[in-house]
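Given the sequences, and given the hints that come with them, work out the whole structure.
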Amino acid sequence: MIFLAPLALFGLLTLPLVWWLLRATPPAPRVQRFPAVALLRALRPHQTDAVRSPLWLLLVRLAAVACLVLGLAQPVLPGNRLPSAGHGPLLLVMDDGLFAASDWGRRIATAQGLVDDADHAGRTILFFRTAPAADGHPAQPPAPRSAAAIRQELDSMRPAPWRTDRAAAAHALATLPHTNGSVLYLADGVASGGDEDFARALRAFGPVQEIRFPDASVLTLAPAAERTGTQMARLLALPLPAPRSLSMRVHAQDGGTLAVLPLVLPAGAAQMDVPVTLPTAVRNRIDQISLAGQSSAATTLLFDEGDRLRPVGLMTSGAADTPLIGPLFYLRRALAPTADLHEGTPATLLAQPLSVIIAPDGTLANPAIRQKVKDWVKNGGTLIRFAGPALAGAQHGTEPDGSSTPNAPAGEDIDTSDNHPASDPSADPTSDLLPVALLDGSRQLGGTMTWGAPQNLAAFDATSPFHGLDIPTDVTISRQVLASPVADLAAHSWARLADGTPLVTHAALGKGDIILFHVSSTADWSNLPLSGLFVSMLQRLTDHANGVTIPADDTLLAPVLTLDGDGVLGPPPPAARGLKASDFAHTPVSPAHPPGLYGPRAARRALNASSQMTTLTAAAPVGTLTSPAGRRPDTTLAPVLLCLAAGLLLLDGLLVLAMRAGFSLPGIARQSPGDTSRKSSLRASGKQGLSLLVACALTLPALASAQTPTATVTTTQAPVQSPDVAGPTAQPAGPVSGTVATPSPSAASPTPVPGAALETRLAYVITGHDEIDTVSRQGLQGLSDYTNARTSAMLGHPDGVRPGQDDLSYYPLLYWPITPDAAPTPAMTAALTAFMAHGGIVLIDTQGQDSGNQSDGSGPYAGDAPGTRSALRRVTAGLPIPPLMTMTDHHLLAHTFYMLHDFPGRYAEQPVWVAREGEAENDDVSPVIIGSADWAHAWAVDENGNTPFAVLPDGADQRQLAYRFGVNTIIYALTGNYKADQVHVPMLLKRLGE
Numbered sequence: 002m003i004f005l006a007p008l009a010l011f012g013l014l015t016l017p018l019v020w021w022l023l024r025a026t027p028p029a030p031r032v033q034r035f036p037a038v039a040l041l042r043a044l045r046p047h048q049t050d051a052v053r054s055p056l057w058l059l060l061v062r063l064a065a066v067a068c069l070v071l072g073l074a075q076p077v078l079p080g081n082r083l084p085s086a087g088h089g090p091l092l093l094v095m096d097d098g099l100f101a102a103s104d105w106g107r108r109i110a111t112a113q114g115l116v117d118d119a120d121h122a123g124r125t126i127l128f129f130r131t132a133p134a135a136d137g138h139p140a141q142p143p144a145p146r147s148a149a150a151i152r153q154e155l156d157s158m159r160p161a162p163w164r165t166d167r168a169a170a171a172h173a174l175a176t177l178p179h180t181n182g183s184v185l186y187l188a189d190g191v192a193s194g195g196d197e198d199f200a201r202a203l204r205a206f207g208p209v210q211e212i213r214f215p216d217a218s219v220l221t222l223a224p225a226a227e228r229t230g231t232q233m234a235r236l237l238a239l240p241l242p243a244p245r246s247l248s249m250r251v252h253a254q255d256g257g258t259l260a261v262l263p264l265v266l267p268a269g270a271a272q273m274d275v276p277v278t279l280p281t282a283v284r285n286r287i288d289q290i291s292l293a294g295q296s297s298a299a300t301t302l303l304f305d306e307g308d309r310l311r312p313v314g315l316m317t318s319g320a321a322d323t324p325l326i327g328p329l330f331y332l333r334r335a336l337a338p339t340a341d342l343h344e345g346t347p348a349t350l351l352a353q354p355l356s357v358i359i360a361p362d363g364t365l366a367n368p369a370i371r372q373k374v375k376d377w378v379k380n381g382g383t384l385i386r387f388a389g390p391a392l393a394g395a396q397h398g399t400e401p402d403g404s405s406t407p408n409a410p411a412g413e414d415i416d417t418s419d420n421h422p423a424s425d426p427s428a429d430p431t432s433d434l435l436p437v438a439l440l441d442g443s444r445q446l447g448g449t450m451t452w453g454a455p456q457n458l459a460a461f462d463a464t465s466p467f468h469g470l471d472i473p474t475d476v477t478i479s480r481q482v483l484a485s486p487v488a489d490l491a492a493h494s495w496a497r498l499a500d501g502t503p504l505v506t507h508a509a510l511g512k513g514d515i516i517l518f519h520v521s522s523t524a525d526w527s528n529l530p531l532s533g534l535f536v537s538m539l540q541r542l543t544d545h546a547n548g549v550t551i552p553a554d555d556t557l558l559a560p561v562l563t564l565d566g567d568g569v570l571g572p573p574p575p576a577a578r579g580l581k582a583s584d585f586a587h588t589p590v591s592p593a594h595p596p597g598l599y600g601p602r603a604a605r606r607a608l609n610a611s612s613q614m615t616t617l618t619a620a621a622p623v624g625t626l627t628s629p630a631g632r633r634p635d636t637t638l639a640p641v642l643l644c645l646a647a648g649l650l651l652l653d654g655l656l657v658l659a660m661r662a663g664f665s666l667p668g669i670a671r672q673s674p675g676d677t678s679r680k681s682s683l684r685a686s687g688k689q690g691l692s693l694l695v696a697c698a699l700t701l702p703a704l705a706s707a708q709t710p711t712a713t714v715t716t717t718q719a720p721v722q723s724p725d726v727a728g729p730t731a732q733p734a735g736p737v738s739g740t741v742a743t744p745s746p747s748a749a750s751p752t753p754v755p756g757a758a759l760e761t762r763l764a765y766v767i768t769g770h771d772e773i774d775t776v777s778r779q780g781l782q783g784l785s786d787y788t789n790a791r792t793s794a795m796l797g798h799p800d801g802v803r804p805g806q807d808d809l810s811y812y813p814l815l816y817w818p819i820t821p822d823a824a825p826t827p828a829m830t831a832a833l834t835a836f837m838a839h840g841g842i843v844l845i846d847t848q849g850q851d852s853g854n855q856s857d858g859s860g861p862y863a864g865d866a867p868g869t870r871s872a873l874r875r876v877t878a879g880l881p882i883p884p885l886m887t888m889t890d891h892h893l894l895a896h897t898f899y900m901l902h903d904f905p906g907r908y909a910e911q912p913v914w915v916a917r918e919g920e921a922e923n924d925d926v927s928p929v930i931i932g933s934a935d936w937a938h939a940w941a942v943d944e945n946g947n948t949p950f951a952v953l954p955d956g957a958d959q960r961q962l963a964y965r966f967g968v969n970t971i972i973y974a975l976t977g978n979y980k981a982d983q984v985h986v987p988m989l990l991k992r993l994g995e
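2 is the number of the first residue of the sequence shown in our numbering; add one for each residue after it.
These aren't lab readings, by the way, just hints derived from the structure by calculation.
Bear in mind that the values here come from a model prediction, so they are computed numbers and not experimental data.
Each hint should be verified, as a subset may be incorrect.
Simulated DEER-style distance windows between Cβ atoms [to be verified]:
| no. | residue 1 | residue 2 | range |
| --- | --- | --- | --- |
| 1 | GLY769 | LEU652 | 50 to 60 Å |
| 2 | ASN367 | HIS587 | 44 to 54 Å |
| 3 | ALA282 | SER157 | 42 to 52 Å |
| 4 | ALA459 | THR346 | 34 to 44 Å |
| 5 | SER628 | ARG152 | 14 to 24 Å |
| 6 | THR180 | PRO244 | 39 to 49 Å |
Pairs of lysine to any residue, SDA-like flavour, derived with a Cα cap of 25 Å [as the list claims (entries may be wrong)]:
| no. | residue 1 | residue 2 |
| --- | --- | --- |
| 7 | LYS581 | ALA509 |
| 8 | LYS581 | ILE472 |
| 9 | LYS581 | ALA603 |
| 10 | LYS512 | LEU351 |
| 11 | LYS581 | ASP305 |
| 12 | LYS373 | ASP429 |
| 13 | LYS512 | ILE370 |
| 14 | LYS373 | THR346 |
| 15 | LYS373 | LEU325 |
| 16 | LYS581 | THR464 |
| 17 | LYS581 | VAL536 |
| 18 | LYS581 | ASP136 |
| 19 | LYS379 | ALA369 |
| 20 | LYS581 | ASP288 |
| 21 | LYS512 | ASP429 |
| 22 | LYS581 | ASP471 |
| 23 | LYS581 | PRO629 |
| 24 | LYS512 | GLY381 |
| 25 | LYS512 | MET614 |
| 26 | LYS581 | GLN613 |
| 27 | LYS512 | ALA282 |
| 28 | LYS379 | ALA509 |
| 29 | LYS581 | ALA620 |
| 30 | LYS379 | LYS512 |
| 31 | LYS379 | THR464 |
| 32 | LYS512 | ALA352 |
| 33 | LYS581 | ARG309 |
| 34 | LYS379 | ILE472 |
| 35 | LYS581 | ASP462 |
| 36 | LYS373 | HIS343 |
| 37 | LYS581 | SER612 |
| 38 | LYS512 | HIS493 |
| 39 | LYS581 | SER591 |
| 40 | LYS581 | VAL641 |
Just so you know, even glycine gets a beta-carbon here, dropped at the ideal spot from N, CA and C.
Here you go:
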């Protein structure tokens, strides 16, 4: 045993003094004869005071004083310590970079224990951290510090969102004097630059003992090597001999969770591609992805505007597109990784919500099509055209060298515009969907306008969207259509050749733009489509068309939100500095450039902690490897002894009070036979105390009974295109899966009053699926809170019910989520029929569309709920469902409290079905509302007050409408056709006036 304050043990010397004071006898009384005292001899005393304290009470007091003294001496029971070489100064080195975040709690606890061990051994402690400081100051050599100061620093430490800098650490440690000390190194196990110098600096101080955590999971999410439609990230890891099961969370821009994807990293694997298969509309809402249970900057991958898939239309002429020589082949390959491609005829593309349409040569020959495209451009669209033989021979139908265009039917492959700009340079070229007027024919090697050699590209102007792109020297142009030389030609040129002739021109038309590449989209006229520059130029144009201007030049982008070591976005630290747009591709994260989002919203760039990582390599051991698994921390006995001393002093006080009340143990044994009254009093007090103990024992079982809350794990469901409800004559199906009720444990006990009888509550049908039931409970709780805050209705917490077993008469509204395995029992059907007949409303939600029954996938997005269509038929079989109609904004439900035009839930634009007007009983109030918008997920609020499920596609605004629809439904269930009755008020007032 070790005493941290051994001087306090001198307090034990006071025990003899305490013994002497407590055992002291007062002086004997003086005898004085007084005759009247004889009258008092017949009186018997009710209480006998002791001359001195009893021995057992004296021992209790001495034990209390001894425990107090020992507790103040702070005794410590040593545990199992890690073996440490040397007895001189201890250098404690700790990796606190982004790879230390996964086991940060154990790392700090181990460091605290090592500091305690060194402090108990009386060793000098030097503490050093290998990650650069957040203030950006260079690492300084460590100096001896007190154990209390190091403990305080460890308590306040958090992992850094950047890697360790062992090269700078080696430089700082190299200045330490060589002493007979030892080194304890808490490593993260990942190799980095400067490891050899760092190892030499540690060994120069003394023997090195390296502590690693063998079950630590070193993982990181890096950007995908090649962007495709599904591959969005790469998972890097230190290989382990066993496979690892992981979960990846996909987060939306508003913080909601779009999807949770399972991942399995094979045994021995160092990396794997992470596919994310989601609809384009949902994919473009992704703001970040992270690994569940691995909160760190390394396992969080941020996305910027450049990662969105822009919808782009590729216009076809109806002919087959031949590989390598077809007009769409290179366009398709260039745009597929970064765009959501839609191919089709002009009429098909114009009917879709596109912001960019690319028209290869010959696709805009029809004047009627050109007029429709012109109207589309005027409304804000961007048209990108490519030149070719058809555009070059539009005036004469001949090639520049005089030969006729082979196989060119008029009106199809050759642009036969009536008013070509070449014939009238003063005419507006945008009338023919051209940005500038063109000269007849084309300029090519060996033609009438001959070049001496293929032309290279000139540098892009600062006003061009291509500014900042590197131009390869091997990209050459051998043929082009020439722009008519006009005064403002330079203002319309975004790219030029080395001789100054335009390569890419543009012009505004209404709210949109027309862009022309003066070369073809194939490799016939140039090798531009074969280069990476072609990909970058098209990506710049699609971003420009969508209002996104992501710079790639020397524009300085300031940090807006940065990640901390736990992977949480927040304000940038004081040392954070702006970063040039052209430096993002090769700048590692550091205190000056922490991981996060930089620049304004329209030009936002993401700098990830793993941007410069291609693989993870295990670091070579610096010294003797060990793990903290066998270490047991020291046990401090001071709190136990101080509590024991306090308890003994409290016991002493209680014993003194008991003795003053007559409970002296020796005195009770020597009671005289005449003290019957006091014995009776003591006996009665004992009986009362015993009765009190029995009553407390009987009360404990009642206090221990409580309900177990339902787990809150949720998965996503989704709606049907239209409800398929069976008529009331259909036969009921089998029993409901997972809805068997547990009988009451005590049938003889009195039935308690249901809570729904004391306050208004909503109810939901228990499906037997924990995830669905939890979302139903959270959704109705969130809707109840929203209703209480905005209306005069006061709703309690929702109840889960089982129709046919629970009494439904207390509830005005019953929410019923449909699951694929749902099937009613006769008792369930009878209970729901009675509930609807007495004015109750059933809100049936399939929580998604049954994809197996959808005929067209071009409608609004909704989650997939396979099997719910047939399940809806089963559950409504035997119910008195009236004829239904699609609800519009003219229905009473659309304006019972809020004036609504849409009725979304988690998914928008899903139909809602109610009873046809005049067909429902109960004052024409619809007894059933059927939909597929998944309202429960939109209403759900978790225990922390957050809305855990994303709402698509409009986010917070759509969630607000979903809440309002829920309020209208509750008011509709509580008031019926009250709002409809208001139309008769003018007539009633008129009649009353008569």
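Results for each hint:
1. GLY769 with LEU652: 50 to 60 Å: holds (56 Å)
2. ASN367 with HIS587: 44 to 54 Å: Given range 44 to 54 Å: holds, Cβ gap about 49 Å.
3. ALA282 with SER157: 42 to 52 Å: Holds, at about 44 Å.
4. ALA459 with THR346: 34 to 44 Å: holds (37 Å)
5. SER628 with ARG152: 14 to 24 Å: Given a distance of about 22 Å, which is inside 14 to 24 Å, the answer is holds.
6. THR180 with PRO244: 39 to 49 Å: Given a distance of about 46 Å, which is inside 39 to 49 Å, the answer is holds.
7. LYS581 with ALA509: violated (30 Å)
8. LYS581 with ILE472: Measuring from Cα to Cα gives roughly 19 Å; hence the hint holds.
9. LYS581 with ALA603: holds (16 Å)
10. LYS512 with LEU351: Holds. LYS512 to LEU351 sits at ~16 Å (cutoff 25 Å).
11. LYS581 with ASP305: The hint holds at about 16 Å.
12. LYS373 with ASP429: holds (18 Å)
13. LYS512 with ILE370: holds (19 Å)
14. LYS373 with THR346: Within the cut-off at roughly 12 Å; holds.
15. LYS373 with LEU325: Cα-Cα ~30 Å, so violated.
16. LYS581 with THR464: holds (18 Å)
17. LYS581 with VAL536: holds (22 Å)
18. LYS581 with ASP136: holds (21 Å)
19. LYS379 with ALA369: Roughly 16 Å separates the two Cα atoms, so the pair holds.
20. LYS581 with ASP288: holds (22 Å)
21. LYS512 with ASP429: Distance of about 16 Å is within 25 Å: holds.
22. LYS581 with ASP471: Holds, at roughly 16 Å.
23. LYS581 with PRO629: violated (44 Å)
24. LYS512 with GLY381: The hint holds at about 4 Å.
25. LYS512 with MET614: violated (43 Å)
26. LYS581 with GLN613: Holds: LYS581 and GLN613 sit about 16 Å apart, inside 25 Å.
27. LYS512 with ALA282: holds (24 Å)
28. LYS379 with ALA509: With Cα atoms ~9 Å apart, LYS379 and ALA509 stay inside 25 Å; holds.
29. LYS581 with ALA620: violated (33 Å)
30. LYS379 with LYS512: holds (5 Å)
31. LYS379 with THR464: holds (23 Å)
32. LYS512 with ALA352: Satisfied, since the Cα-Cα distance of roughly 18 Å is no more than 25 Å.
33. LYS581 with ARG309: It holds: about 21 Å lies between the C-alpha atoms, which stays within 25 Å.
34. LYS379 with ILE472: violated (32 Å)
35. LYS581 with ASP462: Since the Cα atoms of LYS581 and ASP462 sit roughly 19 Å apart, the hinted pair holds (cutoff 25 Å).
36. LYS373 with HIS343: holds (18 Å)
37. LYS581 with SER612: Holds, at about 16 Å.
38. LYS512 with HIS493: Holds, because 16 Å separates the two Cα atoms, which is no more than 25 Å.
39. LYS581 with SER591: holds (15 Å)
40. LYS581 with VAL641: violated (60 Å)
In terms of the numbered hints stated before, the structure departs from hints 7, 15, 23, 25, 29, 34 and 40, listed from lowest to highest.
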